[in-house]
Amino acid sequence: MDGDICATDTATTPPDSDPARKRRVHGMLKLYYGLNEEGKTVDQAESMNPCDINGTHFDPEVYLNKLRRECSLGELMDQESCMVKQIRSLDSDMQTLVYENYNKFISATDTIRKMKNDFKKMEDEMDCLSTNMAAITEFSAHISGTLQDQHAQITKLSGVHTLLRKLQFLFELPARLNKCLELQAYSQAVSSHRRARCVLQQYSHMPSFRGIQDDCHAIMDKLAQELRQKFRDGGSSAEDLSECVELLLQLDEPAEELCDKFLSHAQSRLEANLRGLEAELRPPLSSGPTSVIDPSIGPARRLSAAPTAGSPADPTSPGNPFLSSSSRTDILEFIDRGCNEFVSSLCLVIASYQELFVNRPQEGNLASKDIPHMAIGKLHAFVDALATCYFSLVERRIQEEKSVGDNSLLVRALDRFHRRLQAVAKLLPGSAVPSQGTEIVVRAARERIKQYLAALQSFYLDSLRDVRQALAAPRLGGSSAGGGSHLAGPATGKDAPASLPELLSSLSASILNQIKSVLASVHLFTAKDITFSNKPYFKGEFCSQGVRESLVVNFIKFVCQSSRQFCESAGDRGGSTPPALLLLLSRLCLDYETSTITYILTLTDEQFLVQHHSPVTAVAALCGEARGAAQKLLNHYVKVQGLIISQMLRKSVETRDWVNTIEPRNVRAVMKRVVEDTTSIDVQVGLLYEEGVRKAHSSDSSKRTFSVYSGSRQQTRYAPSYAPSAPMDTNLLSNIHKLFSERIDIFSPVEFNKVSVLTGIIKISLKTFLECVRLRTFGRYGLQQIQVDCNYLQMYLWRFVSDENLVHFLLDEIVGSTAHRCLDPAPMEQSVIEVICERG
Amino acid sequence: MEDDAPVIYGLEFQARALTSQTAESDAIRFLVGTQSLKFDNQIHIIDFDDENNIISKSVLLHQAGEIWHISASPADKAVLSTCYNKTSESRVVTCGAVWSMPPEWESGSHESPDDPHNSHNPQNLELLCHLDNSAHGNASSVLWEPMGDGKRVISLADNHALLWDLTESSTQATISSSATLEGKGQLKFTSGKWSPHHNCTQLATANDTAIRGWDLRTMSQIYCIENAHGQLVRDLDFNPNKQYYLASCGDDCKVKFWDVRNINEPVKSLEEHSHWVWSVRYNHSHDQLVLTGSSDSRVILSNMVSISSEPFGHLVDDDDLSDGEDNHQDEKSKEPLQDSIISTYEEHEDSVYAVEWSSADPWLFASLSYDGRLVINRVPRALKYHILL
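One line per chain: the protein sequences are A and B, in this order.
Letter by letter, the first sequence follows residues 1 to 840 of this note's numbering.
Letter by letter, the second sequence follows residues 1 to 389 of this note's numbering.
In short, the hints are calculated from the structure, not lab data.
Be a bit skeptical, because a hint or two may be false.
[What the hints assert, rightly or not] Straight-line alpha carbon distances no greater than 25 Å define the calculated DSS-like cross-link-like pairs of lysine-lysine that follow:
(1) A:Lys-426 / A:Lys-539
(2) A:Lys-539 / A:Lys-528
(3) B:Lys-86 / B:Lys-184
(4) A:Lys-651 / B:Lys-188
(5) A:Lys-651 / B:Lys-86
(6) B:Lys-184 / A:Lys-651
(7) A:Lys-222 / A:Lys-179
With the sequences and hints as input, model every part of the structure.
Spelled out as structure tokens, the structure:
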């Protein structure tokens with residue numbers, strides 16, 4: 001049994017190659033030397049087995065017993081031979097190893113021996129070195145000990161040298177200062193003196209130093225004197241001045257006094273600037289009035305050019321050349337000069353002042369706390385005082401700027417003025433100057449608006465005057481050509497109407513253009529690139545209260561009011577105002593009501609982006625006013641025209657002896673004249689007003705109505721008058737008739753159309769006719785003449801009125817009243833009347 | 001309180017002339033003169049019974065011609081003057097005359113207007129004297145001296161103002177002085193008024209558009225308001241309580257109030273009528289009440305508080321006030337004083353040529369339109385009490 005195991009072991013070993021075997025040998029050696037890192041695990045697995053021949057716990061007895069028990073003889077034999085073989089190989093291995101190691105031992109022994117010799121030599125050299133070093137240390141200590149005294153001496157000497165140099169500086173100081181004084185190198189002198197001052201102060205108890213100090217003081221006093229002198233002279237530039245001030249400050253001059261002096265000096269120069277500006281203001285005062293008159297001439301000239309030129313309000317044409325032709329500078333130049341001279345020097349003064357007194361680092365005994373405070377206070381007072389002068393000059397100049405021709409110049413000037421003041425604002429944050437400047441600009445803008453309003457108003461009045469002249473001119477020619485009936489009186493509208501619509505359109509167009517151009521001019525105030533346009537005033541109040549209310553609304557109101565005045569002043573005696581003008585103005589106001597006002601206000605609101613913070617006049621209110629004016633004008637027109645015709649009729653009734661008149665042969669001339677005038681009024685009104693509605697006519701109104709007071713009905717009306725038995729009937733009939741007809745208001749408001757206007761005029765005329773007839777007494781032929789006249793009027797007037805019954809009624813009344821006032825009422829045959837009337 | 005309805009009386013003829021019987025202070029009585037070319041003209045004496053609202057009339061014949069103007073003597077109830085048209089030889093002349101009513105008219109001829117039969121035998125007026133003015137042209141009006149003894153009248157004839165003295169019970173008239181308006185063209189007085197102030201030494205006349213004041217002692221012009229109205233001035237009246245105040249009306253549809261010390265501007269101007277204003281009358285007692293009549297057939301009663309002699313309401317003596325009324329007075333004084341139209345009367349169908357306050361009852365007035373309709377109206381009671389209390 002043992003043999004089996006051995007056999008397997010042996011059987012396996014032989015095929016093992018050499019490297020494997022070697023490793024195994026190494027392993028074993030390692031084991032032997034305790035370097036058993038690799039074989040540990042293997043060993044531990046096998047180590048406990050006493051039968052493992054390679055294990056550490058191998059027990060030959062156990063192994064042998066085991067083999068004997070288990071293996072057969074053959075196997076034992078094999079085992080034995082195998083073992084022998086193994087032992088043999090082991091022996092040879094061991095021999096090889098020993099041999100190898102022996103050589104190594106020998107060479108190592110040689111090396112050690114050699115080393116031993118080298119170390120010996122080195123030890124000797126080290127000993128030598130340490131002895132040398134000790135010697136050197138000793139020498140060094142010795143040398144330093146000997147040099148100690150000399151070093152102390154040198155230090156002392158150099159200190160003395162420095163002191164001596166300082167003393168020399170001190171001794172030389174008076175001379176140096178004098179020299180500096182001569183050379184006017186003040187700053188050097190001051191700095192030198194400052195350096196010495198403390199020392200001199202400290203050692204002033206010593207006579208020699210005291211002498212020096214006194215000398216220095218004298219010189220420095222002189223220097224300060226000179227500096228003050230220079231300061232006072234004022235000839236030097238601002239930079240020089242500031243240097244002076246700086247030096248003086250360093251010389252402990254009182255800051256307050258310096259401030260005052262500095263400012264007073266600056267003031268004198270700035271005042272010189274102001275005087276220069278003022279000088280520019282003065283001379284033009286004599287030529288002032290002429291330039292003021294100029295704009296009032298302008299519009300009239302412009303209007304005449306209006307229809308052709310198209311832009312009558314061209315701001316550059318009339319105003320500017322006149323201004324530039326005069327010797328005075330324009331406002332832009334003036335402001336420019338003010339800015340460049342006064343404001344910039346003011347800024348310079350402020351800057352250097354602040355540099356000197358306010359912003360300087362506080363040092364030494366100068367640093368008393370309230371200097372900047374005091375200095376700022378003085379500066380504010382100074383700037384305010386000067387700015388006030390400047391502003392008053394600027395305002396005077398602005399006030400002289402009365403020509404409304406070119407607004408851009410003024411706006412640019414104001415802009416520049418305002419812009420330059422911003423520099424002051426930056427330099428002097430708390431100052432009231434910029435806000436005052438803004439106020440001036442605001443005032444100027446307000447003033448400007450007022451001037452524009454005045455200009456617009458005068459333009460409007462001039463336009464009206466021109467229209468009047470245009471209306472008057474053709475009429476003069478016309479009336480002379482017409483043969484000039486003495487009854488005509490102030491008859492109008494015969495020839496004028498041809499140009500009425502043109503006049504109206506040119507008038508309203510030129511007014512509108514003028515408004516637009518004024519708006520454009522005023523708009524410059526709010527342009528984006530103008531510095532003051534973003535001020536709250538110009539954003540809000542200027543637009544709404546200024547432009548919209550004061551300018552546009554006021555102008556519209558003015559138009560309405562001046563139109564109304566035509567009615568009032570002309571109330572007496574039929575009026576100096578030509579009726580055509582009344583008609584034209586009425587239409588103008590009506591146009592304003594319907595569209596123009598809305599247009600202008602919308603335009604204004606859009607251009608100025610008006611935000612209404614405060615209540616403004618509503619469009620509706622203005623329209624109402626315009627409509628009121630239009631109504632009043634038209635009423636007045638009706639009244640005036642009615643009066644003109646009334647006067648003709650009245651004269652014709654009053655001046656005739658109706659009792660002794662002859663039998664009527666034809667219609668009286670005055671009736672023809674009435675119809676003619678009515679026709680021409682009809683034409684005139686038709687040019688400006690629409691037709692209007694009238695009640696439907698029958699196919700032949702003149703004929704039909706003709707029969708109303710002729711024929712049977714006419715007879716029944718007259719008949720009772722002859723019969724003494726029933727005098728009441730006349731009145732009864734007339735009253736019954738009146739019961740069924742509406743009451744007629746003679747001077748009643750008319751509507752805005754032609755028919756209504758003509759109805760009004762005819763009503764007035766016929767009512768006058770009636771009242772005049774009632775005051776007269778008629779003969780037979782007087783009655784007949786009135787019959788003829790009324791018939792004639794009947795034939796022509798019906799076409800003008802809204803309700804022809806009105807004409808019938810009034811004419812009926814006239815004839816009726818005449819019959820009553822007739823001594824011998826024998827009416828004419830209707831057929832005869834017709835014949836006479838048709839004959840004309 | 002409802003106001004009484006107007007009382008309307010119709011004449012058979014057309015009429016322009018109306019006056020109240022100035023000397024009568026008890027009965028409410030108006031005189032109306034008719035205009036008829038074909039029949040005998042009449043003077044209707046209208047008596048109004050205020051309590052029963054009844055009108056009674058008497059008719060006197062005025063056969064001389066149609067009456068254009070009538071005025072009653074301030075002293076003698078029975079005496080009146082007329083201007084009338086006389087047609088002779090196909091010429092029409094206007095004359096003035098002073099008449100006396102027959103003494104019996106009052107006793108016998110009272111009749112109701114509904115009874116037409118009695119009117120066929122009316123009595124004639126008795127002529128006292130002619131204001132003979134053939135040399136001076138047509139008379140437009142005859143004015144009695146206000147509050148006088150009925151001995152002095154002024155007649156306006158064309159461009160002459162003639163001052164007459166009536167003597168021997170008014171049967172004799174002699175011209176004591178005269179004034180003549182001179183100027184270009186044919187000037188003619190249209191109307192006039194004898195001022196009750198200044199001892200009745202002033203006269204105001206209207207011609208064309210001008211109003212002139214005259215001093216009767218020297219017969220010279222003292223003021224002239226040129227262009228007082230845009231057109232013809234139709235009538236004048238003096239404020240009975242304020243001596244310099246004068247109302248005028250005319251063809252420009254306006255009523256104007258003047259202070260003759262300042263003739264450049266009227267104190268006040270009204271334009272309420274839509275046609276010529278023919279007549280203007282101050283109330284005799286309460287001069288804020290102004291009555292106007294116009295050919296637009298309307299009568300307008302205005303309350304011109306601001307220029308009246310009682311701008312702060314009726315002045316009541318403190319003694320008369322009981323405590324209760326005291327409070328009332330305070331209340332009233334707070335009310336704003338505003339000129340206003342009190343009322344527009346539209347009872348007329350034709351032009352109103354004359355309006356007149358009653359001389360007996362200050363709250364009552366009459367208006368006469370051309371068609372012969374006489375309307376008697378009262379001041380609204382509310383206003384009446386407002387003025388009185």
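TODO: Starting from B:Lys-86, check that the Cα of B:Lys-184 is at most 25 Å away, please.
DONE: Violated, at roughly 28 Å.
- [ ] For the pair supplied as a hint, A:Lys-222 and A:Lys-179, confirm whether the alpha-carbon distance does not exceed 25 Å.
- [x] holds, 13 Å
Open item on the list: A:Lys-539 and A:Lys-528 were given as a pair; does the straight-line alpha-carbon distance stay at or below 25 Å?
Closed with: holds, 11 Å
Open item on the list: Need the status of pair A:Lys-651, B:Lys-188: alpha-carbon distance at most 25 Å?
Closed with: holds, 14 Å
Open item on the list: Would the hint linking A:Lys-426 and A:Lys-539 be met if the CA-CA limit is 25 Å?
Closed with: holds, 23 Å
Open item on the list: Checking one constraint from the list: CA of A:Lys-651 to CA of B:Lys-86, max 25 Å. Satisfied?
Closed with: Holds, because 23 Å separates the two Cα atoms, which is no more than 25 Å.
TODO: Could you grab the alpha-carbon distance between B:Lys-184 and A:Lys-651 and see if it respects the 25 Å cut-off?
DONE: holds, 16 Å
Of the hints listed earlier, the one the structure fails to meet is number 3.
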